[in-house]
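Participant: Could you put the whole structure together from the sequences, leaning on the hints where they help?
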Amino acid sequence: MTPYPNRMTRRSLLALLLAPVAGGATGESVWPKSKPLRILVGFTAGSATDVMARAIAPDLGRLLGTPVIVDNKPGAGGAIATAQMVQAPADGYTIVLNSSAHAVNPSFNPNLPFDTLRDVSAIGPLGSSLFVMVVAPDRGYRSVADLVAKARAQPGKLNYGSGGIGTGSHLNSAKLVSATGIDVVHVPSKGTPEAMIDTIAGRLDWVFAPAPAAVPLIREGKLQALAVGPATRSLALPSTPSMAEAGFPEAAYASWVGLFASSKTARPIIDALSKALADVVKLPAVQERLVALGTEPMPMSAAEFDRFVASEVKAMQHLVKAARIQPQQ
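Residue numbers for the sequence shown follow my numbering, beginning at 1 and rising by one.
Hints may contain errors.
Stated by the list, open to error - For each label pair, taking beta carbons as the anchor points, the in silico distance ranges come out as:
hint : residue 1 : residue 2 : range
1    : Asp71     : Pro155    : 43 to 49 Å
2    : Ala292    : Ala145    : 27 to 33 Å
3    : Ile197    : Leu117    : 33 to 39 Å
4    : Lys264    : Pro284    : 18 to 24 Å
5    : Ala278    : Asp183    : 43 to 49 Å
6    : Pro74     : Arg324    : 23 to 29 Å
7    : Ser301    : Gly140    : 16 to 22 Å
8    : Ile197    : Gln154    : 21 to 27 Å
9    : Ala145    : Ala45     : 15 to 21 Å
10   : Asp115    : Asp138    : 45 to 51 Å
11   : Lys222    : Lys321    : 31 to 37 Å
12   : Lys35     : Gly247    : 29 to 35 Å
What the hints assert, rightly or not - Under the rule of at most 27 Å between Cα atoms (straight-line distance), these lysine-lysine pairs were calculated in the DSS-like manner:
hint : residue 1 : residue 2
13   : Lys264    : Lys275
14   : Lys321    : Lys150
15   : Lys190    : Lys73
16   : Lys275    : Lys190
17   : Lys222    : Lys190
18   : Lys157    : Lys190
19   : Lys35     : Lys282
20   : Lys73     : Lys264
21   : Lys35     : Lys314
22   : Lys321    : Lys157
23   : Lys264    : Lys314
24   : Lys157    : Lys222
25   : Lys314    : Lys73
26   : Lys73     : Lys275
27   : Lys321    : Lys35
28   : Lys150    : Lys222
29   : Lys35     : Lys73
Since the hints were made in silico from the structure, they are not lab data.
Remember, predicted model here, so these are calculated numbers, not experimental data.
We put the beta carbon where it would ideally sit given N, CA and C, even for glycine.
Facilitator: Here's what the structure looks like:
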């Protein structure tokens, strides 16, 4: 299947993309209203990634002048959605929203039906996603250092939860384990909510949880925050130390979420999408929505994000090897 049905369609679309846009906005002269844009999301409805897609969809559609549909294609850490996007016509009307799992998948599955770097091009990031290291208040941990000290004193006795192998919650803990050399047990769950329940119940020593899910439980006193995953403090939890401030800078890790297109997509189309996305995430209302979801600003051009993703793929290969992470069977 060719990316475009005929040469006239390709020329018409490029003409639209290259035409001057009135008022400096991306609008009808770029995207015909007759054809909606589909954002494939590789995770279930209601997941953090899905909610982020729906947070930007209305304004993205308004700027592009065409309806934007969020279409959930969950499974395989977002790889199913990415594979469908790569196989779709490369006309810019089928794109994918993925998390940092996009950079992890090559380390877990060498037989992906696409090449993460060769077949996929970045449009741009929505931002970095905040995970919070939480424990049950009655466990007696007052800091990350307390927990690490106990783990060193009792090798193999402590455990931590996650939302599954290779998820953001897992990778945050894997960074801490790799940086400190502690001997602990990983207990993956079907999702982070289940891991938080087990942490509250005392069946797990800690879990890195997405900020939107963790903050209400922290405020209710059901969970205690020890640190946020990134190297710097978060806008969502300004009183909670970063992993670097907690004394473990090598364990700092930030997940991210971004939009991607097929690498066969014409460059002007990707540039138009990138500009529209950058304009959307600058809108105060959208910023407010994203911060509420624990997302920090991550301004990058499409080219910068492409380079960043390539570096993340290499970093994840190193982490997976160093932490001896095995794919879930």
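Participant: Evaluate each hint against the coordinates.
Facilitator: Against the structure, the hints:
One distance hint, 43 to 49 Å for the beta-carbon pair Asp71 and Pro155, holds here, with the actual separation near 46 Å. Range check, Ala292 to Ala145: Cβ separation about 30 Å, and the 27 to 33 Å hint holds. About 37 Å separates the C-beta atoms of Ile197 and Leu117, a value consistent with the hinted range of 33 to 39 Å. Range check, Lys264 to Pro284: about 35 Å between beta-carbon atoms, so the 18 to 24 Å window is missed.
The hinted range of 43 to 49 Å is satisfied by Ala278 and Asp183, whose Cβ atoms lie roughly 44 Å apart. Checked against the hint of 23 to 29 Å, the pair Pro74 and Arg324 passes, with Cβ atoms roughly 27 Å apart. Hint check: Ser301 to Gly140, Cβ distance near 47 Å, so the stated range 16 to 22 Å is violated. The hinted window of 21 to 27 Å between Ile197 and Gln154 holds, with their beta carbons roughly 24 Å apart.
Look at Ala145 against Ala45: about 39 Å separates their beta carbons, and that is not inside 15 to 21 Å. With their beta carbons about 48 Å apart, Asp115 and Asp138 fall inside the hinted range of 45 to 51 Å. Between Lys222 and Lys321 the Cβ separation comes to about 36 Å, which falls inside the hinted range of 31 to 37 Å. Taking the beta carbon of each, Lys35 and Gly247 are about 53 Å apart, not inside 29 to 35 Å as hinted.
Among the hinted pairs, Lys264 with Lys275 is consistent with the structure: their alpha-carbon atoms are about 19 Å apart, no more than 27 Å. For the proposed pair Lys321 and Lys150, the alpha carbon gap of about 25 Å is at most 27 Å, so the pair holds. A C-alpha spacing of about 17 Å is found between Lys190 and Lys73, which places the hinted pair at or below 27 Å, so the restraint holds. Note on Lys275 and Lys190: the hinted pairing is violated, with a Cα-Cα distance of about 36 Å set against a maximum of 27 Å.
Distance restraint check for Lys222 and Lys190: the Cα-Cα separation of roughly 21 Å lies within the 27 Å cut-off, and the hinted pair is therefore satisfied. A distance of roughly 22 Å separates the Cα atoms of Lys157 and Lys190; the hinted pair therefore holds under the 27 Å criterion. The suggested pairing of Lys35 with Lys282 holds, with an alpha-carbon distance near 25 Å, which does not exceed 27 Å. Among the hinted pairs, Lys73 with Lys264 is consistent with the structure: their alpha-carbon atoms are about 21 Å apart, no more than 27 Å.
The suggested pairing of Lys35 with Lys314 is violated, with an alpha-carbon distance near 37 Å, which exceeds 27 Å. Restraint check for Lys321 and Lys157: satisfied, since their Cα atoms lie roughly 23 Å apart, inside the 27 Å limit. The straight-line distance between the Cα atoms of Lys264 and Lys314 is roughly 23 Å, inside the 27 Å bound, and the hint therefore holds. Only pairs whose Cα atoms come within 27 Å are accepted, and Lys157 paired with Lys222 is accepted, the gap being roughly 23 Å.
Only pairs whose Cα atoms come within 27 Å are accepted, and Lys314 paired with Lys73 is accepted, the gap being roughly 26 Å. For the given pair, Lys73 sits about 25 Å from Lys275 by alpha-carbon distance, which is consistent with the 27 Å threshold. A distance of roughly 44 Å separates the Cα atoms of Lys321 and Lys35; the hinted pair therefore is violated under the 27 Å criterion. The straight-line distance between the Cα atoms of Lys150 and Lys222 is roughly 22 Å, inside the 27 Å bound, and the hint therefore holds.
Taking the CA atoms of Lys35 and Lys73, the gap is about 20 Å. The hint holds against a cut of 27 Å.
In this structure, the earlier hints numbered 4, 7, 9, 12, 16, 21 and 27 are contradicted, and the remaining ones agree with it.
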